[in-house]
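Number of protein chains: 4
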Amino acid sequence: MKTKILSIIILMALSLSSFKTAENPKRIVFFGDSITQAGVGKTGYITKMAEMLGTMGLASKYELIGAGIGGNKIYDLYLRHEEDVLAKNPNIVIIYVGINDVWHKTSSRTGTDADKFERFYNALINRLQKANIQVVICTPTVIGEKFDATNENDGDLNAYSNIIRKIATDNQCKLIDLRKTFLSFEEKNNIENKASGILTTDRVHLNEAGNQFLAETMWETIKTL
Amino acid sequence: MKTKILSIIILMALSLSSFKTAENPKRIVFFGDSITQAGVGKTGYITKMAEMLGTMGLASKYELIGAGIGGNKIYDLYLRHEEDVLAKNPNIVIIYVGINDVWHKTSSRTGTDADKFERFYNALINRLQKANIQVVICTPTVIGEKFDATNENDGDLNAYSNIIRKIATDNQCKLIDLRKTFLSFEEKNNIENKASGILTTDRVHLNEAGNQFLAETMWETIKTL
Amino acid sequence: MKTKILSIIILMALSLSSFKTAENPKRIVFFGDSITQAGVGKTGYITKMAEMLGTMGLASKYELIGAGIGGNKIYDLYLRHEEDVLAKNPNIVIIYVGINDVWHKTSSRTGTDADKFERFYNALINRLQKANIQVVICTPTVIGEKFDATNENDGDLNAYSNIIRKIATDNQCKLIDLRKTFLSFEEKNNIENKASGILTTDRVHLNEAGNQFLAETMWETIKTL
Amino acid sequence: MKTKILSIIILMALSLSSFKTAENPKRIVFFGDSITQAGVGKTGYITKMAEMLGTMGLASKYELIGAGIGGNKIYDLYLRHEEDVLAKNPNIVIIYVGINDVWHKTSSRTGTDADKFERFYNALINRLQKANIQVVICTPTVIGEKFDATNENDGDLNAYSNIIRKIATDNQCKLIDLRKTFLSFEEKNNIENKASGILTTDRVHLNEAGNQFLAETMWETIKTL
Numbered sequence: 001m002k003t004k005i006l007s008i009i010i011l012m013a014l015s016l017s018s019f020k021t022a023e024n025p026k027r028i029v030f031f032g033d034s035i036t037q038a039g040v041g042k043t044g045y046i047t048k049m050a051e052m053l054g055t056m057g058l059a060s061k062y063e064l065i066g067a068g069i070g071g072n073k074i075y076d077l078y079l080r081h082e083e084d085v086l087a088k089n090p091n092i093v094i095i096y097v098g099i100n101d102v103w104h105k106t107s108s109r110t111g112t113d114a115d116k117f118e119r120f121y122n123a124l125i126n127r128l129q130k131a132n133i134q135v136v137i138c139t140p141t142v143i144g145e146k147f148d149a150t151n152e153n154d155g156d157l158n159a160y161s162n163i164i165r166k167i168a169t170d171n172q173c174k175l176i177d178l179r180k181t182f183l184s185f186e187e188k189n190n191i192e193n194k195a196s197g198i199l200t201t202d203r204v205h206l207n208e209a210g211n212q213f214l215a216e217t218m219w220e221t222i223k224t225l
Numbered sequence: 001m002k003t004k005i006l007s008i009i010i011l012m013a014l015s016l017s018s019f020k021t022a023e024n025p026k027r028i029v030f031f032g033d034s035i036t037q038a039g040v041g042k043t044g045y046i047t048k049m050a051e052m053l054g055t056m057g058l059a060s061k062y063e064l065i066g067a068g069i070g071g072n073k074i075y076d077l078y079l080r081h082e083e084d085v086l087a088k089n090p091n092i093v094i095i096y097v098g099i100n101d102v103w104h105k106t107s108s109r110t111g112t113d114a115d116k117f118e119r120f121y122n123a124l125i126n127r128l129q130k131a132n133i134q135v136v137i138c139t140p141t142v143i144g145e146k147f148d149a150t151n152e153n154d155g156d157l158n159a160y161s162n163i164i165r166k167i168a169t170d171n172q173c174k175l176i177d178l179r180k181t182f183l184s185f186e187e188k189n190n191i192e193n194k195a196s197g198i199l200t201t202d203r204v205h206l207n208e209a210g211n212q213f214l215a216e217t218m219w220e221t222i223k224t225l
Numbered sequence: 001m002k003t004k005i006l007s008i009i010i011l012m013a014l015s016l017s018s019f020k021t022a023e024n025p026k027r028i029v030f031f032g033d034s035i036t037q038a039g040v041g042k043t044g045y046i047t048k049m050a051e052m053l054g055t056m057g058l059a060s061k062y063e064l065i066g067a068g069i070g071g072n073k074i075y076d077l078y079l080r081h082e083e084d085v086l087a088k089n090p091n092i093v094i095i096y097v098g099i100n101d102v103w104h105k106t107s108s109r110t111g112t113d114a115d116k117f118e119r120f121y122n123a124l125i126n127r128l129q130k131a132n133i134q135v136v137i138c139t140p141t142v143i144g145e146k147f148d149a150t151n152e153n154d155g156d157l158n159a160y161s162n163i164i165r166k167i168a169t170d171n172q173c174k175l176i177d178l179r180k181t182f183l184s185f186e187e188k189n190n191i192e193n194k195a196s197g198i199l200t201t202d203r204v205h206l207n208e209a210g211n212q213f214l215a216e217t218m219w220e221t222i223k224t225l
Numbered sequence: 001m002k003t004k005i006l007s008i009i010i011l012m013a014l015s016l017s018s019f020k021t022a023e024n025p026k027r028i029v030f031f032g033d034s035i036t037q038a039g040v041g042k043t044g045y046i047t048k049m050a051e052m053l054g055t056m057g058l059a060s061k062y063e064l065i066g067a068g069i070g071g072n073k074i075y076d077l078y079l080r081h082e083e084d085v086l087a088k089n090p091n092i093v094i095i096y097v098g099i100n101d102v103w104h105k106t107s108s109r110t111g112t113d114a115d116k117f118e119r120f121y122n123a124l125i126n127r128l129q130k131a132n133i134q135v136v137i138c139t140p141t142v143i144g145e146k147f148d149a150t151n152e153n154d155g156d157l158n159a160y161s162n163i164i165r166k167i168a169t170d171n172q173c174k175l176i177d178l179r180k181t182f183l184s185f186e187e188k189n190n191i192e193n194k195a196s197g198i199l200t201t202d203r204v205h206l207n208e209a210g211n212q213f214l215a216e217t218m219w220e221t222i223k224t225l
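Chains as they are written, first to last, in full-length UniProt numbering: chain L, 1 to 225; chain X, 1 to 225; chain F, 1 to 225; chain Y, 1 to 225.
So here's chain L without its partners, still in its complex pose (with noise of 0.2 Å):
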């Protein structure tokens, strides 16, 4: 599998480092589907976020690794965790899935039924938290950026999203609710209700301003960390 990965390691620029540290950068690996595999391309959220880091002379303290496969839904994630993050023995692990979970029902009929969702959602933190990695978990972003709750699959996207702040509280996790954040800005930005264009380029995969957003958008929490 590590070859169809497009992971790659982005190494923060050490030549800042006039400051002596023994400390040892945060390790993060973003875990996820094609956005998160788009995400450490030229424009990808990844990047932005490096980017951000090294403008804010923070390069030296974080390691970004993204590990995201496209069409990957929970139970894919599942079945790589071990290889892809445990391997990589990450400090923190930020989990951003859920669109394929329900996007696939209506393109392709092989979505994910909701409870097992849920059960493989709750097996996979438990792994990632018994290795001592902190988990930080995504609602899904859209599939459809109308903001009046007309695109297709917003229904279930909306009810993958609660169950998702559930798994959040019951494992303790961080949660980052990109759907609340993104829909909040369709509403705002989104003056002519389209499908794509704002933060998308098809509805889904995010353009560079949705890139730079996410980029933003998940760095408040992770600072915080």
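Listed next, the in silico SDA-like pairs over lysine to any residue satisfying Cα-Cα at most 20 Å (straight line):
#	chain 1	residue 1	chain 2	residue 2
1	X	Lys166	L	Asp148
2	L	Lys26	L	Thr55
3	F	Lys166	Y	Ala149
Hints listed in this document are in silico derivations from the structure and should not be mistaken for laboratory results. Only a predicted model underlies this, so the values are computations on that prediction, with no experimental measurement involved.
Given the structure of chain L, go ahead and fit chains X, F and Y onto it with the hints provided.
Positioned in the frame of chain L, the structure of chains X, F and Y alone reads:
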């Protein structure tokens, strides 16, 4: 098809007719799916409306005809509009359809594409209006009573409701916006955000309170015709 | 709708008419979906049939009219049969439909239930036969060319073909059993059991060999009418 | 999960043990879905097999353990293989799964993509073989008993059966080709081509004859191990 329809003519009590009137009653056909089929049952919405008319002393002014068949979508109404509406020679037809067009996408993969929904709806209205029938159309009620946009079909129900609102404008039909009215009711009265049991028995089909509420909602428009 | 249809009247060369004939050519409407829409294209099956007629010196005996629209299902044919068939006043109509009724179940969750497929088909035939048009119906060809019953929609395609065979018997229509003919061809010629590339370009739409084979198959029945 | 499994250990009558034997019985786990869950019921296939063993005087040679859970797909087996198979320390595991992976595509839009089906299956076998358990795998039986390839899911069932045959070869597992055996039985015995009632009660779940036939079919392979 006649034998399959639970279409009854609810004859109004004529005993109240102390007033002399040469006027014919307004004949109204309710054209729809299983909710309308059940509408002529003991506690159905058409029966409820007939009772309301009796109480208001308006029994002799209206003739209410149920023409609902379970599982019907817009194209099924088109197929049987000659026999079940035109042949009845009504003054008014209330079309209340759309739930199955959305619901059957997820229940049996035989829903109706949005563009075809609009095409058949326009063709149906065109046929009825050409016969000098006043056409009133309704947005669909609910598939799941949760008011917070977490019912699986909410996105599509909202989108198809928008299509129906557009169709009403395009064809200069009166619109009864059932979806809006029902969602407002749920927001006020469905305190525990339950999926069923407030206005429906099973997320879709109306219980007695739902039938009463539907009768009252429709009457607000019908009385103005 | 007229403007959307790629319906062309293929006028037969009249130059051969050294014979005097008072006889009108047989007018045949081909009523169907995207395959029939493409049928009037440069290498489409209706064009191929016209070429065959020319070669056989039968050009003046037939007038071939394409009336296919992409994405059409049985109820779409019903909706437009007045404008696109009755108004053309043909002697014969060849109905070739059913692929989308099955395929859209899995591609977009908007297929046609088996019982409604039969109901609309019967209603359509009834309308056409009442206008003294000879109705010929076809079973659907293929969605995937594998001959060993491993194409995802094979079960339904076989079941809907059985329904069409029954409809032919019930309405005393000639049947062109395309599914049977195509499967026999695949069994003999699709040695590697490929999903496409033998008679189709993309598992459904016909390549030139497929169009030629379809034209020849249909001609075997048409010549007997 | 233990409490949810109807997993019983069918202890063989030890009364025959007039022979002294130091040999341990072969412990076999049957790992699957609702059919295996029902397999330990009064007329289930595991119970039937235990009865057969008793009759043949082989009761002391085998220990049969049911580990089926209704609704399970390949990834559900992967999730619980440690607790429900490895922890039981069996000599042999019979994996009989795949029906829900196909069926849930059409029943609830939560089936399993073919490529993921193969990936999880390989991963599961790998884990079990590493623990020195002999893995035997089965093709799925039926979703609908019609023998003429007109059951809606037949195409996919045949395709996933081919995948399982390939997996058996790739991992050097014994294969019990249930689909082939069941289809042969239907062809001989299902004279009226009925959808259920021959080996199943409801097109999927086995009646007593189906359980008996399954027990006998599996035994043909198990006795050789």
